[in-house]
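K.L.:
So you can see what is in the structure, the chains are spelled out below.
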Amino acid sequence: MMNLTKATILIGALALSACTNPDRFGGTGTGNNPGTIALENADQLTGINDVTSPEYFTQAIGDRVFFEVDQVTLTAAARATLDGQAQWLIGNVDYLAIIEGHADEQGTREYNIALGDRRANAVRDYLVSKGVPASRLRTLSYGKERPVATCSDESCYSQNRRAVTVISVASIG
Amino acid sequence: MKPVLSVLILAMAALFASGLSAPGLKAQEPLRIEITEGVIEPLPFAIPMFVAETAGASDVARDITGLVSADLTGTGLFREIPASAHISQVATFAQPVAYADWRAINAQALIIGAVSVNGSQLVVKFRLYDVFSGEELGDGLQFAGTTDGWRRIAHKVSDAVYSRITGEGGYFDSRIVFVSETGPKDNRLKRLAIMDYDGANVQFLTDSGALVLAPRFSPTGDRVLYTSYESGFPRINVLDVASVGRRQLPTAEGSMAFTPRFSRDGGQVIYSLSNGGNTDIWRTDLASGQHTQLTNAPSIETAPSLSPDGSRIVFESDRSGTQQLYIMSANGGEPTRISFGEGRYGSPVWSPRGDLIAFTKQNAGRFHIGVMRTDGSEERLLTASFLDEGPTWAPNGRVLMFTRETQGASGGPRLYSVDISGRNLRQLPLSGFASDPSWGPLQQ
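Line by line, the protein sequences give chains A and B. According to my numbering, the first sequence is numbered sequentially starting from 988. According to my numbering, the second sequence is numbered sequentially starting from 41.
Please keep in mind that the hints were generated in silico from the structure rather than gathered at the bench. Mixed in with the good hints, there may be bad ones.
Stated by the list, open to error - One-sided and incomplete, this derived list gives chain B residues near chain A with beta-carbon spacing under 7 Å:
#1 Ser360
#2 Gly361
#3 Gln363
#4 Glu429
Cβ coordinates follow ideal geometry from the N, Cα and C atoms, glycine included.
Work out the full structure: start from the sequences and follow the hints.
P.N.:
Structure below.
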């Protein structure tokens, strides 16, 4: 029922006909656990071998980039990942992307939402600069509301300061 | 919540005031607590069990007496002298007060009450006495309501007692809207909830289907603004407390809208709006639907809070390089920075009295709740922990409630209150995790 609700919300918001990861608004990492996708979609277990598949995007290219404390600057590693994302998005025009910005728990709730928004837009701007049409990208921020790692030290914080590019199938072919 | 309550000032007739003052006693200060002094020694009071004036009223009389005592002692300003120490017994509401017996046990204030129940109708009356001057403090009051609203009536009694002794408004008959949290840290479910100021009568206002953040009461407590991810993206919702009906607030165009607050008249909403990675402060007029941009800077401007007279807005901005507090006209314009201490400042909230700004401060790996004057002077930090944030003011501007989150994978948020002297830090007795409190007005 939870997944149904979330999928309904997503469709309503984005006019999408399908969603590769109906759990993307769930708490378990907002659609950024590739293992979950593979297990939930048994018929796509081989998807990672298909370079046009979302699984390939998520796992082989990498759906996320990481940031330094209170920073929105893209590191060299982040730019390399995003170059791959841009290339994939340009080559797979049937997909849209929502870029989700996140912060670690060090900071007030509202500031972290604004900070995550900056991070999501840093990724968006980079993808656009590499030729991805802006019309296929949307951004939002979860601030510190959706940690993927739960400890309270840098080993977890560094995983939570992230922007995740979540792929969805476009509604009209 | 049942509509309340009628209030009746008891006639002076049944009084016995004159002639009972106490010659020979040394002169006493008037019964008064100056809260700003930061009370160290709580004022001792006696509250004999309220007299049950009808058959079957004794249980609710005991409950009400206990709750009035809990309200008063919970402030840290009062200390109850236990009934076991009482010399004088109170058998009827009208019997003369044996001041000498109360002086002997050093009760400075004495609260006498009576309760009657007829069907579902509940009537509570009380009188407050200044024991050492031997006089009644204010008139007796009578409250009428229903038996299931007994907690509200008790809080009304407490508010009257508190107000008479401190000279400040009370805050006991008020409610808190907050976010109730369940589930593990990496799968937290959040829903809006409302409760009495003391954590009683928790009711949920939304389900946990969508992430919700930072509810804010309207000035009259009838509506709540909050941030919801129901649409997939952060938007501002308006919820009617009585019907629990909700709708999305039309804002100016942007990718995210958050941190809403009502204007003092409830007719406008100020909030943060993000566009292209930049967050600024906007205002929307609810009647006309007109949107006005109040800040326009490439930095993060967020967390706006209006002054009580509606003329100014305090907010946070990182235009200097780190989060700091600024004040500007309610119509925008050049802001003035007011925070200059070490660390970062966020989530400012203007006191309902207008005199202070409460804020969250982050410095050297710790979080604090603090207050400063509106010009930034006299900064005082009231708390310190791994993560304190999001203060909200009691209706009388003397107490703050906030979120304190413990660290680690099993950590979570709880609600705490502290008075503005930094004393009387208390955790609200809620069973689960809770965050983002917003303290509503005194109920009518």
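K.L.:
Hint by hint, note whether the structure agrees.
P.N.:
Okay, the hints, checked on the actual structure:
1. Ser360: Violated, about 14 Å.
2. Gly361: Nearest chain A Cβ about 10 Å off; hint violated.
3. Gln363: 6 Å, holds
4. Glu429: At about 5 Å, which falls below the 7 Å cut-off, the nearest Cβ of chain A leaves the hint on B/Glu429 intact, so it holds.
Of the numbered hints given earlier, the model fails hints 1, 2; all others are met.
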